[in-house]
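Protein chains: 2
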Amino acid sequence: MPSTALTQHDPRPVSPLHTLLRPLGLSEVQLRPTGFWGQRARVNAENTLPHCLGWLERAGWLPNFDRAVAGTLPQERTGREFADSEIYKLIEAYCWESETNLSQHLEQVITSVTERLVAAQDDDGYLNTNFGRPEQQPRYSDLEWGHELYNYGHLLQAAVARLRTHGEDEFVAMARRVADHVCETFGPNGIQSVCGHPEIELGLMEFSRATGVTKYRNQASLFIERRGRGTLKDIEWGRSYYQDDIPVRDATVFRGHAVRALYLAAAVVDLAVDTEDRHLLGIIETQWENTVAKRTYITGGMGSHHQDEAFGDDYVLPNDRAYCESCAGVASVMLSWRLLLATGKARYADLIERTLFNIVATSTSDDGQSFFYSNTLHRKTPGVATGPLEQSKRADSSQRAAWFDVACCPNNIARTFASLATYLATAHDDGIQIHQFANTDINADLRGDERVRLTVNTRYPHDGNIAIVITESGTEPWSLSVRIPDWAEGATVGVNSEQEEVQAGYFTITRAFTAGDVIHIRLPLIPRLIRGHDRVDAIRGALAVEYGPRVYCIESAALPPEHHVDDFILNPRTQLDVEGDRIIVKGWLEENLAPSWPYKAAATELSRPRRPITAALTPYHHWGNQGPVTMRIWLRTINNP
Amino acid sequence: MPSTALTQHDPRPVSPLHTLLRPLGLSEVQLRPTGFWGQRARVNAENTLPHCLGWLERAGWLPNFDRAVAGTLPQERTGREFADSEIYKLIEAYCWESETNLSQHLEQVITSVTERLVAAQDDDGYLNTNFGRPEQQPRYSDLEWGHELYNYGHLLQAAVARLRTHGEDEFVAMARRVADHVCETFGPNGIQSVCGHPEIELGLMEFSRATGVTKYRNQASLFIERRGRGTLKDIEWGRSYYQDDIPVRDATVFRGHAVRALYLAAAVVDLAVDTEDRHLLGIIETQWENTVAKRTYITGGMGSHHQDEAFGDDYVLPNDRAYCESCAGVASVMLSWRLLLATGKARYADLIERTLFNIVATSTSDDGQSFFYSNTLHRKTPGVATGPLEQSKRADSSQRAAWFDVACCPNNIARTFASLATYLATAHDDGIQIHQFANTDINADLRGDERVRLTVNTRYPHDGNIAIVITESGTEPWSLSVRIPDWAEGATVGVNSEQEEVQAGYFTITRAFTAGDVIHIRLPLIPRLIRGHDRVDAIRGALAVEYGPRVYCIESAALPPEHHVDDFILNPRTQLDVEGDRIIVKGWLEENLAPSWPYKAAATELSRPRRPITAALTPYHHWGNQGPVTMRIWLRTINNP
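From first to last, the protein sequence lines stand for chains A and B. Taking the working numbering, I'd label the letters of the first sequence as residues 117 to 757. Taking the working numbering, I'd label the letters of the second sequence as residues 117 to 757.
Chain A extracted, bound-state conformation (with noise of 0.2 Å):
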């Protein structure tokens, strides 16, 4: 059974049958412990792994298993429909460490654990702690909200690590038994229908890669044909919640639940590119460019409302209830990824550098420990911070929380962190491609068997100067790429010391290297004034600051004691001075009028008291790491009554 491409070693996530570039793996990129990523790899690997399995010991939604062994549930069974999910996601962080980090620790761990989900798992290969026994709900009876094969799609992904990382072991047989068991019950002539949240797609589609097994791809292809005619109940948020409402080859944009509608999204890639469908990739494309121009925040958030998780329709991005959840910036990247080794666009690579600095550096706190659920553009009151022991609602405050009742993003930023490194260059017959700035050592076999080896050395984002030296090359002439991010006007690239002007996208330099050659990238870093589009009612008469690929924002903490970020208006010809890693800007601080009826005949003449400031813009990454404090992004620049 197992075909030979089990025992090979190949520790990426996504892992495509046929695509322009080639993902490189943990085993071809290693990102030093340094810079602005390799510290957080480090403190995801070092405090976040073991933070996240504390809270499911803690939670109870580990130990679910063990009552599942013991009968103890319903009982006694914790959390949602989809906690099972978050061991999976966990254990897919664990593997990809393992590959960095050679700990006896990190194997304990996953051995450890895969004995206690196998040990719950039924003979027929169903696998869930919430449905299927006495006082349970039936198996599969509720596939709106019921996140069974939700579930299993991360136990895949989790397999795929392991997997590509170890190689066959309990986990994997577990994962095949389970993916077996899907294709029996939901196949060609099982269950008519899909999950309620897709996330099984993704799973099945990258396990067939990983074990070759091609009914588990035929299965994730019969789940996406099914979705969108109408299989799942209706509700009160319209079946365009679960994407069950237009066919995914008939739509033109995402809707939905964002995560959702971003998880399907990837599958669909996957699908298209080992099909070599390029009509349905077109498809994808396009309903990415729709999503980006009409849907999406400046920080790269997807989904505006709280009500349902979900994307507004066109231009409906408020930024005071702006939802942009974690897991769904997490989401945006896999999709996005896909879509780069895919098509090899540069605007795919974009995406995924605004998302990552912007969406998922900021959905962690320094020490990762806490975390958002949402990445609001607006926070206008403070709110009541959780301690570190308590478990939070969805860290609705301006504080991250340690845990929250549906802890999806933790163990999701978790897998991220850990699996950072192969989001960031690729390579193909004739060349590599470097498509984010981190330190990192590459290398890789051109043309099937010559190897390449380079450093990638940068104090980026504090610094726009990127050197990437060659450490090793054959003797033929091969071809080295690299982004320009779409902000960096006045981009500059020289090898050995020529600087030459380049455009944004994908600048390409061909020829025979040499161990030593200096490659030096130089991205003007100058903080820019940002407008946004006018249909966006929020933002009008408002702009945004941006430095290099990150976006600023200004918290109350950098204004006097008691004083609301509403309060700042900024002088729109304001200087932007940067101060480390703070940018100052000029504007007015105005004081409050007594609350009165707020719409004014538009003649009236009203001025509210107000006096020049400077204030210091944080990185939005950073805001809410000094304690409670109101923020916001977008800064106002005229003013009514």
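In short, the hints are calculated from the structure, not lab data. One or more hints might be untrue.
For chains that are exact copies, the list does not tell them apart, and a pair is met inside one copy or across any two.
[Unchecked claim] Distance condition first, Cα-Cα at most 20 Å in a straight line; then the derived DMTMM-like pairs of lysine to aspartate or glutamate: (1) K509 / D361; (2) K349 / E260; (3) K509 / E352; (4) K349 / D521; (5) K349 / E300; (6) K331 / E341; (7) K331 / D393; (8) K509 / E197; (9) K461 / D393; (10) K716 / E605; (11) K509 / E405; (12) K461 / D602; (13) K509 / E173; (14) K702 / D238; (15) K349 / D361; (16) K349 / E506; (17) K716 / D182; (18) K509 / D521; (19) K509 / D429.
On a predicted model such as this, the values are computed, not experimentally measured, just so you know.
Use these hints to put chain B onto chain A, whose structure you have.
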């Protein structure tokens, strides 16, 4: 037991013990079936009442009571937890209407429905179709969401209407058993909690006034003082959702679910007034003031969140997803009316007028047979309308719907229109106060027995002229006060033709009136450009148009085909030309560009092709009556990329 109050014919929904102003009942104010409000009241009586009754039968919510008797609950029960209340609200409407129209048919509906309700009541007074039977949840086992006490509140309000228009009967007797049961069960020695949806407090307060039974008021007081102390379970949206976060005496603004907050506040005013607790009254005045200044839309609409139908933080008033539930409009009128009676301040009557014209009038169609649940300020997509026999979710398109799954609004609107005449004028010993302008015949006894009669004649709001004709008066001087709306700059008032300019607020004429005296009020109807407080993000750089008490909007039907209202830019120096009920404005129509990343460097020069256009604005209350459209109230005047 029954006190003398019972036999007193007193047809008004609110009858406080101690207030500055005495509300005039339906026997004192007759709304003639002409003019803006008279026509609506007629359509309500002729169309809305039978429409709602038909739906209560068809949806099965009234038959639930028959099923209770037949013993086929819970299997055959239909509707939500609060379905019982809809019957009570509609019976309240029928009772008020029966005062105006002494029709045999109305009386038959009331008595036949009463029979069906009474048959389902338990011996101890408990009455609910959703709890307490085998296979149903036990009584009062879900105070958070069960709505048992909420349902009673509406039952008691209906009983008040019945008692005051007709006198003691089976409905009133049923209500007495319910009220006694509530006092027994939730009294000082009973369950120490409250209902998740305030409303029982309002019902008990008024039922106490109508019956003279003080213990009902005491029970209302208990409920009011218990709330805010965390008796109810915490939920994802927080206990503010049901105002169980802060005791009412400690709060400074309305928060949480808007209808819940406003019903509670209205009951608190009742309690404060009847117990002469000036301090408590002042607390609600402050909460009202802060809410109106910071949490209210230009339409008077309240509640900006879809998620929890709740007030947002200060100045969180997005237009795209404005909720502004019709029932919150009704509740706001109920609250402001009580505050007006208690204080005589014009601001309460001003907000009532704004809310009646722009929320209550908006919520129904011309034919009174379809309704909006929420009253958004910006409709981005036309949506899919439901048919006249189709039950909509919550009228989630640009078209009003015949009925909703949660159909609180149609019956709430029905009872409001049926009692509308009682919200127009008041009296005290020395005179009469006209708060709202409609074609009415008013009679009242001043100083106990001095009969005064007058007639109000107007085409308002289509015309700013109001003529008040004195048709009967004693020889002693008395005062006629007329509210000059806050927007009516340059208004004049004259008795028998001598006009003098008056300020906003109440203008009082004290004299010995003679039959035949005519008081002319001239409100200058000039369309006004309005700008909003710039802390409301969504309306920065935008203007609205008001005309008299009405807010205007643009519908896509006013633009060339295929254009969206968001394509329109208002010329901030436009003339405002009145053309019938429409206002013609000048502006530009923009063409769309291909989709691209919507955030650009502020210095970028980008212009979309645009051309001058004139467009006709519609009164907001009349939008969506001409078929599927997009719509917006706030018109942008500036242009970004």
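* Evaluate K349 and E506 at a C-alpha cut-off of 20 Å and name the case that applies: within, between, both or neither. => between (35 Å within a copy, 18 Å between copies)
* State whether the alpha carbon distance between K509 and E173 is at most 20 Å within one copy, between copies, both, or neither. => within (18 Å within a copy, 41 Å between copies)
* Asked: Within a copy, between copies, both or neither: where do K702 and D238 come within 20 Å Cα-Cα?
  -> Neither: 65 Å inside a chain and 71 Å across chains, both beyond 20 Å.
* To do: Have a look at K509 and D361 and pick one of within, between, both or neither, based on CA distance no larger than 20 Å.
  => Only across copies: K509 and D361 sit 16 Å apart there, 30 Å inside one copy, limit 20 Å.
* Is the C-alpha distance from K509 to E352 at most 20 Å within one copy, between copies, in both cases, or in neither? -> between (23 Å within a copy, 6 Å between copies)
* Asked: Quick one: K716 to E605, C-alpha cut-off 20 Å, is that within a copy, between copies, both, or neither?
  -> Between copies only: 13 Å across chains, 43 Å inside a chain, cut-off 20 Å.
* Intra- versus inter-copy proximity for D521 and K509 (alpha-carbon distance at most 20 Å) -> within (5 Å within a copy, 28 Å between copies)
* Asked: Checking K509 and D429: alpha-carbon separation at most 20 Å within a copy, between copies, both or neither?
  -> Between. Shortest inter-copy distance 18 Å satisfies the 20 Å Cα cut-off; intra-copy 27 Å does not.
* Asked: At most 20 Å between C-alpha atoms: does K331 with E341 qualify within a copy, between copies, both, or neither?
  -> within (15 Å within a copy, 64 Å between copies)
* **K349 and D361: within-copy, between-copy, both or neither at 20 Å Cα** => Answer is within; shortest intra-copy Cα gap is 11 Å, inter-copy 35 Å.
* Asked: Within a copy, between copies, both or neither: where do K331 and D393 come within 20 Å Cα-Cα?
  -> within (18 Å within a copy, 75 Å between copies)
* Identical-chain pair category, K509 with E405, by Cα at 20 Å -> neither (33 Å within a copy, 31 Å between copies)
Consistency note: the structure conflicts with the earlier hints numbered 5, 11, 14, 17.
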